[in-house]
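Visitor: Sequence:
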Amino acid sequence: CIEPKVWAVEEEIGKAGKTEKKFVNSKVMTRQTYTLEGIEGSIKTDGGVITFVEEEGIDYAPTTVQLPGGERVPFLFTVKELVAKGNGGAFKPGFQMGGDFSVPSYRTGLFLDPKGRG
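Residue numbers (our numbering): 1 to 118.
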């Protein structure tokens with residue numbers, strides 16, 4: 001099960017004619033459908049590094065977040081085809097994994113519309 005606790009969106013912030021990109025915290029608007037469950041794959045150790053390769057499961061969820069200014073941003077939360085490598089060869093406190101994945105072009109009506117309806 002993968003359930004994010006914090007959502008950040010990259011936003012262009014302009015001041016005095018200059019713009020910079022910055023990640024800002026946002027509020028999830030999608031009701032309890034942003035958790036990815038039943039993800040299955042293989043885990044192996046190679047050269048002291050743990051690697052997980054996602055193979056199947058519910059690996060995407062249409063999600064909508066709201067920025068501090070009120071703008072809503074729909075996106076596809078996914079780990080499709082994830083290949084994650086760990087920062088060590090054992091699961092212990094402080095262990096982290098990360099890696100690349102693909103975001104396919106899903107055509108779906110599951111995003112919230114501008115009035116917040118599903």
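Honestly, the hints are just simulated from the structure, not real lab data. Do not rely on the hints blindly, as some may be mistaken.
Each computed BS3-like pair below joins lysine-lysine, with the alpha-carbon atoms no more than 27 angstroms apart [stated by the list, open to error]:
| no. | residue 1 | residue 2 |
| --- | --- | --- |
| 1 | 27 | 15 |
| 2 | 27 | 44 |
| 3 | 44 | 85 |
| 4 | 80 | 22 |
| 5 | 18 | 5 |
| 6 | 80 | 92 |
On a predicted model such as this, the values are computed, not experimentally measured, just so you know.
Visitor: A separate judgement is required for each hint: does it hold in the structure or not?
Guide: Evaluation of the provided hints:
Taken as a hint, the residue 27 and residue 15 pair is honoured in the structure, with Cα atoms around 24 angstroms apart against an allowance of 27 angstroms. In summary, the hint linking residue 27 to residue 44 is not supported, as the alpha carbons are separated by about 36 angstroms, beyond the 27 angstroms threshold. With a CA separation close to 10 angstroms, the supplied pair residue 44 and residue 85 stays within the 27 angstroms bound. Of the pairs offered as hints, the one joining residue 80 and residue 22 holds, with about 26 angstroms between alpha carbons and a cut-off of 27 angstroms not exceeded.
Under the criterion of a C-alpha separation no larger than 27 angstroms, the hint pairing residue 18 with residue 5 is inconsistent with the structure, at around 32 angstroms. Our distance criterion of 27 angstroms between C-alpha atoms is met by residue 80 and residue 92, whose separation comes to about 26 angstroms.
Hint compliance for this structure: hints 2, 5 are broken, all remaining hints hold.
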